[in-house]
Amino acid sequence: MKILVCVSKTPDTTSKIAFTDGNTKFDENGVQWIINPYDEWYSLVRAIELKEKDPATIVHLVTVGGADTEPIIRKALALGGDEAIRINTDNSDSYYIAAQIAAIAKDGYDLVFTGKETIDYNGSSIGGMIAEMIDAPYISLATKFELNGTTATVTREIEGGEEIAEVALPAVVSCQKGIAEQRIPNMRGIMAARTKPLKVVEPVAADALTAIVSFEMPPAKAGVKLVSPDNVAELVKLLHEEAKAI
Amino acid sequence: MSVLIFVDQSEGHIKKASFEALTYGVKVAEQLGTTAEALVLGSVSDDLASLGKYGVKKVHQVNNASLNQLDAQVYAKVIAEAATQSGATVVVFSHNQTGKAVAARVAVRLKAGLVAGACALPDTSNGFVVRKTVFSGKAFANVSITSAVKVISLNPNSYTTIAGEGTAEVNPLSIAVDAPKVKVTAVNKVSGEVPLTEAEIVVSGGRGLKGPENWGILLDLAKELGAATACSRPVGDAHWRPHHEHVGQTGVQVAPNLYIAIGISGAIQHLAGVNRSKVIVVINKDPEAPFFKAADYGIVGDAFEVVPKLTEEIKKLKAK
Chain A
646 MKILVCVSKT PDTTSKIAFT DGNTKFDENG VQWIINPYDE WYSLVRAIEL KEKDPATIVH
706 LVTVGGADTE PIIRKALALG GDEAIRINTD NSDSYYIAAQ IAAIAKDGYD LVFTGKETID
766 YNGSSIGGMI AEMIDAPYIS LATKFELNGT TATVTREIEG GEEIAEVALP AVVSCQKGIA
826 EQRIPNMRGI MAARTKPLKV VEPVAADALT AIVSFEMPPA KAGVKLVSPD NVAELVKLLH
886 EEAKAI
Chain B
19 MSVLIFVDQS EGHIKKASFE ALTYGVKVAE QLGTTAEALV LGSVSDDLAS LGKYGVKKVH
79 QVNNASLNQL DAQVYAKVIA EAATQSGATV VVFSHNQTGK AVAARVAVRL KAGLVAGACA
139 LPDTSNGFVV RKTVFSGKAF ANVSITSAVK VISLNPNSYT TIAGEGTAEV NPLSIAVDAP
199 KVKVTAVNKV SGEVPLTEAE IVVSGGRGLK GPENWGILLD LAKELGAATA CSRPVGDAHW
259 RPHHEHVGQT GVQVAPNLYI AIGISGAIQH LAGVNRSKVI VVINKDPEAP FFKAADYGIV
319 GDAFEVVPKL TEEIKKLKAK
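Protein chains in written order, with the working numbering: chain A, 646 to 891; chain B, 19 to 338.
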């Protein structure tokens, strides 16, 4: 079993979001970078669990980004995985990024794991695109994943519930909460990560089909209207007559 | 040239998010001076001709039983083929569970730029620029699509449905459907519960409720309002509530008309998941709770006293 885990670098969840250069660039000033939580907590940990069950399993990590993504990749390797591949390019277009990962993924992997989305661009698109590019089935928003030989049993989220499906491998799966429990790297893992191979490859030719023109912050709230806890009827009146929300 | 809107169904019924996508797609077509058509896969018991009231003139249907279950690979091939046949230059999805599985694949098949999670109509004054939410709702990005064919998936609850008069012509399409590689073996729907991402009103609880045994007051309120229930991350992590109820940056992102937060302090990660809600009400005994800064209405008070009163007052309002 050979698993490719897609890892992305994102700002920490507590980061204050701001923009520079006339709102065309994300302001990286003072931003802490982390592994995209969905990639780290769910897809990477599930891949590591599968390797713990069957030590013959090979787990490779892949990321698309410049040299500044390497601390994140090392941190991911400290959790587990045999080696990492960094595709040396920077772009925000999902088609372009997916084409880079697909070029690696078609190289004999049985499974490609992604997080359900990245917490910066929230596209939920890379997994589906990779799957289309390598002509493999795609299960999105998986909350459980079990291997049974050449197929897998996956539970995925649907509106108001869940669906259990059998899927033939190779397949692409986007992972979310439920599929694995978050882990913290231990000292042995951190030491081992230092010497694990980190290959840098140059991007393949691909088109970027979108580009970010500018960013905007949402309009600020007008301020809260406080109602006395002894006058709950007033809140209901406001919600009904002023906000027209009920 | 036309706009094709993918209409999503479950067990024969069209999903609410698809009515939003229809309204949106018709508006996009108007902007481009072209027509909007809808596409439905599988067998549907709802009246398809009535989708005309959202402004589409034609509803294509590929009525093949194997499309009653979602295999994104099979779906994408059929949708892309239908888009090509109808000469669509824009394909619109809802950014719901099906859209997330399928839109990206369709974009690849059509070699189309994708904006996933759109929240406004495209600006066509200079190219084709679509606004989407980024950083989990903390900001917006205006994204230009440079390819000839464009795919947009629309965030649920971000575009108001407009229904008028009209009937659409239902056009059966015969497109070859591949054998699925994904076989659905079981479906578990929580019956009687309002799906969180489709809910107009969400009532959400945090650690301030002290324990799962205290959720009764929140459930009563939700029932009275016909609301979906949600929770903060610590509550989900402690298994007080099922994890699919966790809203926030790393959970579900919601954008209801009304979000009522009970005993939730309002950490930045939680706010990211809910700040697109139209109206936010915060009930918290700590006047310093950061959530009040993001709220429209608030009560500084004990949830155990305020929430039952609120339920009573809503009962009274409904009785009027």
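There's no promise every hint is true.
[Stated by the list, open to error] Footprint (simulated), chain B over chain A, 3 or more residues, beta carbon under 8 Å: (1) 712-720; (2) 727-740; (3) 780-786; (4) 809-816; (5) 866-879.
If you're looking for bench data, these hints aren't it; they were derived computationally from the structure. Owing to the predicted nature of the structure, the values given are computational and were not obtained by experimental measurement. All residues carry an ideal CB built from backbone N, CA and C; glycine is no exception.
Any of the earlier hints contradicted here, and which numbers?
1
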